[in-house]
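Asks: This is what each chain is made of:
Protein chains: 2
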Amino acid sequence: MKVENKIRVHIADDHQILIDGIIAVLNNEEEIEVVGHSVNGKLVLDWFEKNEADVLVLDINMPVLDGIEVLKKFQEQGREINVVILSSYDDVKLVKEVLKLGANGFLAKKCAGEHIAEAIKSVSQGDQYFSKGVQKDIFSSLSGRKEVKKSNQDGVFISSLTDRELEVLKLISYEMSSREIGEKLHISTSTVDTYRKSLLSKLNVKNAVGLAMYAVRNNIL
Amino acid sequence: MKVENKIRVHIADDHQILIDGIIAVLNNEEEIEVVGHSVNGKLVLDWFEKNEADVLVLDINMPVLDGIEVLKKFQEQGREINVVILSSYDDVKLVKEVLKLGANGFLAKKCAGEHIAEAIKSVSQGDQYFSKGVQKDIFSSLSGRKEVKKSNQDGVFISSLTDRELEVLKLISYEMSSREIGEKLHISTSTVDTYRKSLLSKLNVKNAVGLAMYAVRNNIL
DNA sequence: TTTAGACTCCCTATTTATAGGGAGGATACA
DNA sequence: TGTATCCTCCCTATAAATAGGGAGTCTAAA
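The listed protein sequences derive, respectively, from chains A and B. Take 1249 as the starting number for the first sequence in the numbering used here and just add one per residue. Take 1249 as the starting number for the second sequence in the numbering used here and just add one per residue.
These are computed hints drawn from the structure, not numbers from a lab. Quick caveat: nothing in here was measured; it's all calculated off a predicted structure. Careful, some of the hints might be misleading.
Any copy will do: because identical chains look the same in the list, a pair fits if it lies in one copy or spans two.
Unchecked claim - Heads up, simulated DSS-like pairs for lysine-lysine below, C-alpha to C-alpha not over 25 Å straight-line:
1. Lys1254 x Lys1454
2. Lys1418 x Lys1450
3. Lys1320 x Lys1418
4. Lys1290 x Lys1432
5. Lys1450 x Lys1298
6. Lys1369 x Lys1432
7. Lys1298 x Lys1445
8. Lys1445 x Lys1369
9. Lys1298 x Lys1454
10. Lys1290 x Lys1454
11. Lys1454 x Lys1418
12. Lys1321 x Lys1454
13. Lys1254 x Lys1418
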């Protein structure tokens, strides 16, 4: 294999130390070359404005702009990039969501470092890759695979929340009561309660704790 | 420097991929040798039962037994091990706590991989090391340094919670109400409420959301 | 044996959160 | 000009959480 045919990889994770680690691991791989890395979603988009890569290793939980948003942007742009999602959470729902958003692989951070090379090679060839622990969930809850790559209705994402809902969600996660939130946003407690209701409904959780957990997992704090 | 004088390092983090990464990074360091690694606190203690290392790189957030617990155990055993804490959170409180528990360095995961070698070398010589972002907080909120290494009163850790409190905390984080928790644990709702109160008090948070956030940050789910 | 901690349950009372509904004003879009 | 979405606020009512107190049992340690 020629040097020019190396798989060009971009790594995105808010933990620089993890990026460095992955690069070090991938250094042992002849066919793989890390051509870029970013610590948040905004930087990923900026990078891809001017550069190209064959595979994007993408963390879901990142500040400024998270992995979900990055995928959505790429989808809007009609950009076809092979993506391996790197996540601490093997949340079934998350897996389904990112697959719908065009991701091709899913790698739990707790799996061994060697798997990342496998994952990259797989998706670079158009295959899909799922680390142990997520595989069974996928196939049991998803009928087709390639087929759903384009669709993007239903499913609840951060972006399905309105600005105000998102704002209230954050404040709820900061342990604030409806009264306190109302004061801070200069709206009535009733209005805050309305947002609480719509959040509970949209995110399909049972109570404020569920809302906070959603916020944490999706790094919208 | 002779090979026998290499700094022996044990790495503990629940993300195997991060361990592999650190090992790869440290491979470039002549003076450092990774002699062991663990994915939870229990395994760390088990390993140190039969082995020795000069430096322990320790993640705070680990399942089964967290980093705090590991430090406490070592302190109880009177075992003097140089510890570099690896954490996603540069929480000032956390820094102070782990210093009291005998840690010698504090490395935020978001800092560059190269710093980990610096940190290891520093603490192996008895020095302390703090990655950028935590330094100022330390010195502004802590008078002495070496002096406080032995003390261990006050401060709230997971371990200051009783088994039952911890159990209830988990269930609260799973979006369960007091009634539901009572049913699951076969105790009355009143009892669950008692635990709620003591949790709110011990962890110094305002409501159930605060409890859940604490649980997330300390990975006790 | 005293003491302390952990676990259990109860009381009263207030504050918050959840559930379901309606509704007006603004804006943007077809 | 409808239509839709968002933001705002209200009503009623129940469920749940928070706050502060007391108190009994059991076990393990001093």
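Asks: Next, verify each hint and record whether it holds.
Replies: Right, here's what the structure says about each hint:
Taking the closest pair of Cα atoms, Lys1254 and Lys1454 never come within 25 Å of each other, the shortest separation being 48 Å inside a single copy and 53 Å across copies. When the C-alpha separation of Lys1418 and Lys1450 is checked against a cutoff of 25 Å, the pair qualifies both within a copy, at 15 Å, and between copies, at 24 Å. Taking identical chains as interchangeable, the C-alpha atoms of Lys1320 and Lys1418 lie at most 25 Å apart only when both belong to the same chain, with a minimum of 21 Å there against 33 Å between chains. In this homomeric assembly, Lys1290 and Lys1432 never come within 25 Å of each other (Cα to Cα): the closest approach is 27 Å inside a single copy and 44 Å across copies.
For a Cα distance limit of 25 Å, the shortest separation of Lys1450 from Lys1298 qualifies neither inside one copy, at 36 Å, nor across copies, at 51 Å. Taking the shortest Cα distances, Lys1369 and Lys1432 never come within 25 Å of each other, neither inside one copy (49 Å) nor across copies (46 Å). In this assembly of identical chains, Lys1298 and Lys1445 lie within 25 Å of each other by CA distance neither inside one copy nor across copies; the values are 42 Å within and 55 Å between. Neither within a single protomer nor between protomers do Lys1445 and Lys1369 lie at most 25 Å apart by alpha-carbon distance, with minima of 44 Å and 52 Å respectively.
Taking the closest pair of Cα atoms, Lys1298 and Lys1454 never come within 25 Å of each other, the shortest separation being 44 Å inside a single copy and 47 Å across copies. Taking the shortest Cα distances, Lys1290 and Lys1454 never come within 25 Å of each other, neither inside one copy (31 Å) nor across copies (33 Å). In this assembly of identical chains, the alpha carbons of Lys1454 and Lys1418 lie at most 25 Å apart whether taken from the same copy (17 Å) or from different copies (15 Å). In this assembly of identical chains, the alpha carbons of Lys1321 and Lys1454 never lie at most 25 Å apart, being 30 Å within a copy and 37 Å across copies at closest.
With identical chains, the CA atoms of Lys1254 and Lys1418 are never at most 25 Å apart, being 42 Å at best within one copy and 46 Å at best between copies.
Hints 1, 4, 5, 6, 7, 8, 9, 10, 12, 13 from the list above are not met by this structure, while the remaining hints are.
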